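Visitor: Given next are the chains, with one letter for each unit.
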Amino acid sequence: MTEDTISANLRLDLGSIEMRASFSVPRPQVTCLYGPSGSGKTTLLRCLAGFARAEGWLKVGDQLWQDHQHKCFIPTYRRGVGCVFQQDTLFPHLNVRQNLDYAWKRAPRSAEHVIRPDETIDLMGLSSFLTRRAHELSGGQRQRVALARALVSNPSLLLLDEPLSALDEFSKRELLPYLEAMQRLGSIPAFYVTHSLDELMRLADHVLIFDQGSIAYSAPAEQAFSDLSCPLTMQTDTASVFKARVGSHKDQWGLTWLELDWGGLRVPRIRLPTGSQLRVRIRARDVSLALQRHQDTTILNILPVIVAELKPVDGSEYLVRLQTTACPERHFLARTSRRSIQQLNIQPKQLLFAQIKGVALLH
Amino acid sequence: MPIDPEPFLLTLRLAVVTTLLLILLGLPLAWWLAFRAGPLKPFIKSLVALPLVLPPTVLGFYLLLVMGASGPLGQLWIRLTGGTLAFTFEALVIGSFIFSLPFVVLPMQSAFESLGKSYMEMAASLRAGPLDRWLSIGLPLIRRSLMTSATLAFAHTLGEFGIVLMIGGNIPGETEVASIAIYNHVEAIEYTQAHILAGFMAIASFLLLLAVNSLDRRPITII
Chain F
1 MTEDTISANL RLDLGSIEMR ASFSVPRPQV TCLYGPSGSG KTTLLRCLAG
51 FARAEGWLKV GDQLWQDHQH KCFIPTYRRG VGCVFQQDTL FPHLNVRQNL
101 DYAWKRAPRS AEHVIRPDET IDLMGLSSFL TRRAHELSGG QRQRVALARA
151 LVSNPSLLLL DEPLSALDEF SKRELLPYLE AMQRLGSIPA FYVTHSLDEL
201 MRLADHVLIF DQGSIAYSAP AEQAFSDLSC PLTMQTDTAS VFKARVGSHK
251 DQWGLTWLEL DWGGLRVPRI RLPTGSQLRV RIRARDVSLA LQRHQDTTIL
301 NILPVIVAEL KPVDGSEYLV RLQTTACPER HFLARTSRRS IQQLNIQPKQ
351 LLFAQIKGVA LLH
Chain L
1 MPIDPEPFLL TLRLAVVTTL LLILLGLPLA WWLAFRAGPL KPFIKSLVAL
51 PLVLPPTVLG FYLLLVMGAS GPLGQLWIRL TGGTLAFTFE ALVIGSFIFS
101 LPFVVLPMQS AFESLGKSYM EMAASLRAGP LDRWLSIGLP LIRRSLMTSA
151 TLAFAHTLGE FGIVLMIGGN IPGETEVASI AIYNHVEAIE YTQAHILAGF
201 MAIASFLLLL AVNSLDRRPI TII
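Chains as they are written, first to last, in this note's numbering: chain F, 1 to 363; chain L, 1 to 223.
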């Protein structure tokens, strides 16, 4: 049985640096490539698309897309990669409808996951500007069309290179729900290049962090955001991210009970129906620690946790990795002062109570 | 006083054949120069641009040497067809092709460069094969530059003199194009014939440019 993964070992000399990417990620997922500009993220995307020819090999599921040693290279037009880049993606001589039809005409019909142009017109809200051309659209509209067109082409892989970066704040916020909708649409694996921690938290199932041309870190998102060896957790606004499900609504209190695989969280009443999937973000700063479970507190979420690891940051503070008692693989972070750590004498393996002051919903 | 239409028709035939050849071979060359040439680029580009600066007689002289019965191309031609190459219509086509090459290749190269590869890559990502990409995306996007270059090449071929004189000689019905016929008429002090032929050329050229310039005025965002 072959594993359902996308794996690669690719090298490409870029003059100033060499891109070296060796990874294996689960296939039907969103893999986010994160890192400073010029670190090789876009180059990797271009190699995955077949636009650039790297040395090494690339395998998508059980298909070999390239193998330098055996002179195998599937050209772009036989790979089926839906691309949404920063700009210049819509054909300027065709209108929106014709852009979609361009993809639809060439899309294989036999695959299990056929998405018709009309479906994407509804999904991405394109019906009011179907006869316009690219230069008559706003940046946000253009990216929605590009996204729709990529979906219509029935791709085996979606490649998104900072699709939001050319947009203003308003259009960004407008487009994000569409990206999330696309993600929920199902099983199309995607690679998503971003600079933005917010996009990373909202969209990533798997995180690849680039540094100077190579992959410095690779892990599932839920692990990455709570891993003290991950470069992400060294930022001041560190937060852990988890997938959650709407469990029940407690209308007399105006609260909603969210179910996670390591416990439950109470949040102010949300409008999603029971069973909806969403993501929650817990900031390390919003988690405080106590030796006992306090009854006399206004904090809604207090959970028993085990101290897994302590790491000093910025001299005066510590990041504490906390293991949830319900699920030993799930961790989240607390950021606390060195003084408190010493006064409470917090040690690894100690049982504590985490008081979670705030939970942000990402969907 | 009969006017012989032969030089004019010959000129037209030469211009049509040359322009078609220029598009067929010049476009891929321009694409190659824009994206693939690498370190060879300045060398090839200078070679292509040479007819712009060289006197046509110099170019014609060298072409005559190459295409003559003892020149390499001339000998190859004899082996392939049995006949000589110099002073034939085919020689005129080769000469005009080289003479007008920069008028197609240089503007198309910069058109390709400003167009960039991204649209063609997008088309490939949407499963369009190489020929499909060219017909559905490449050509429509550069059609304006292409039209301009083709017109320039066509008009340039209509008007050339030095090169056709050098490699074509002056054979009526075979290589006597309009510009040479006009020269012959003037030499023979047949001013009326020269007037008619010259006026015809001027009007035809102007109408051609007018047609192209009025044909496509739709605004397009690029190129």
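What the hints contain is simulated information worked out from the structure, not anything from laboratory work. Note that the structure is a prediction, hence the values are computed from the model and not measured. Mixed in with the good hints, there may be bad ones.
[Claimed, not checked] So, partial list: chain L residues that the calculated Cβ filter (under 8 Å) puts toward chain F:
#1 Gly74
#2 Glu121
#3 Arg127
[Stated by the list, open to error] For each label pair, taking beta carbons as the anchor points, the in silico distance ranges come out as:
#4 L:Arg36 to F:Asp198: 36 to 44 Å
#5 L:Pro42 to F:Leu64: 33 to 41 Å
#6 F:Gln98 to L:Phe206: 45 to 53 Å
#7 L:Arg144 to F:Asp211: 53 to 61 Å
#8 L:Phe35 to F:Asp211: 52 to 60 Å
#9 F:Asp67 to L:Phe35: 55 to 63 Å
#10 F:Gln98 to L:Ala69: 17 to 25 Å
#11 L:Pro172 to F:Gln98: 50 to 58 Å
#12 L:Val212 to F:Asp67: 48 to 56 Å
#13 F:Asp211 to L:Ser214: 53 to 61 Å
#14 F:Cys72 to L:Val53: 28 to 36 Å
#15 F:Ser7 to L:Val16: 26 to 34 Å
[To be verified] Within a straight-line C-alpha distance of at most 30 Å, the following computed DSS-like cross-link-like pairs (lysine-lysine) qualify:
#16 F:Lys59 to L:Lys117
#17 F:Lys243 to F:Lys311
#18 L:Lys41 to F:Lys172
#19 L:Lys41 to F:Lys71
#20 L:Lys45 to F:Lys250
#21 F:Lys250 to F:Lys311
#22 L:Lys41 to F:Lys105
Built from N, CA and C at the ideal position, the CB exists for glycine as well.
Visitor: Each hint: holds or not?
Guide: Results of checking the hints against the structure:
1. The beta carbon of glycine 74 of chain L is not positioned within 8 Å of any beta carbon in chain F (closest approach about 42 Å), and the interface hint is therefore violated.
2. A cut of 8 Å between beta carbons decides the hint on glutamate 121 of chain L: the least distance to chain F is about 5 Å, and the hint holds.
3. With its C-beta approaching chain F no nearer than about 4 Å, arginine 127 of chain L sits inside the 8 Å limit, and its interface hint holds.
4. With their beta carbons about 40 Å apart, arginine 36 of chain L and aspartate 198 of chain F fall inside the hinted range of 36 to 44 Å.
5. With their beta carbons about 39 Å apart, proline 42 of chain L and leucine 64 of chain F fall inside the hinted range of 33 to 41 Å.
6. The hinted range of 45 to 53 Å is not satisfied by glutamine 98 of chain F and phenylalanine 206 of chain L, whose Cβ atoms lie roughly 37 Å apart.
7. Distance hint check for arginine 144 of chain L and aspartate 211 of chain F: the Cβ-Cβ separation is about 45 Å, which falls outside the suggested range of 53 to 61 Å.
8. For phenylalanine 35 of chain L and aspartate 211 of chain F, the hinted distance range of 52 to 60 Å is not satisfied, since their beta carbons lie about 31 Å from each other.
9. For aspartate 67 of chain F and phenylalanine 35 of chain L, the Cβ-Cβ distance of about 25 Å falls outside the hinted range of 55 to 63 Å, so the restraint is violated.
10. For the pair glutamine 98 of chain F and alanine 69 of chain L, the beta carbons lie near 56 Å from each other, so the given range of 17 to 25 Å is not met.
11. For proline 172 of chain L paired with glutamine 98 of chain F, a C-beta distance near 53 Å keeps the hint of 50 to 58 Å intact.
12. Between valine 212 of chain L and aspartate 67 of chain F the CB atoms are about 50 Å apart, so this pair conforms to the stated range of 48 to 56 Å.
13. For aspartate 211 of chain F and serine 214 of chain L, the hinted distance range of 53 to 61 Å is satisfied, since their beta carbons lie about 58 Å from each other.
14. Hint check: cysteine 72 of chain F to valine 53 of chain L, Cβ distance near 47 Å, so the stated range 28 to 36 Å is violated.
15. Between serine 7 of chain F and valine 16 of chain L the CB atoms are about 56 Å apart, so this pair departs from the stated range of 26 to 34 Å.
16. Restraint check: the Cα-Cα separation between lysine 59 of chain F and lysine 117 of chain L comes to about 25 Å, which is no more than 30 Å; the hinted pair holds.
17. For the proposed pair lysine 243 of chain F and lysine 311 of chain F, the alpha carbon gap of about 25 Å is at most 30 Å, so the pair holds.
18. The suggested pairing of lysine 41 of chain L with lysine 172 of chain F is violated, with an alpha-carbon distance near 42 Å, which exceeds 30 Å.
19. Taking the CA atoms of lysine 41 of chain L and lysine 71 of chain F, the gap is about 28 Å. The hint holds against a cut of 30 Å.
20. Restraint check for lysine 45 of chain L and lysine 250 of chain F: not satisfied, since their Cα atoms lie roughly 75 Å apart, outside the 30 Å limit.
21. For the given pair, lysine 250 of chain F sits about 38 Å from lysine 311 of chain F by alpha-carbon distance, which is inconsistent with the 30 Å threshold.
22. Using a Cα cut-off of 30 Å, the hinted pair lysine 41 of chain L and lysine 105 of chain F is violated, with the two alpha carbons roughly 37 Å apart.
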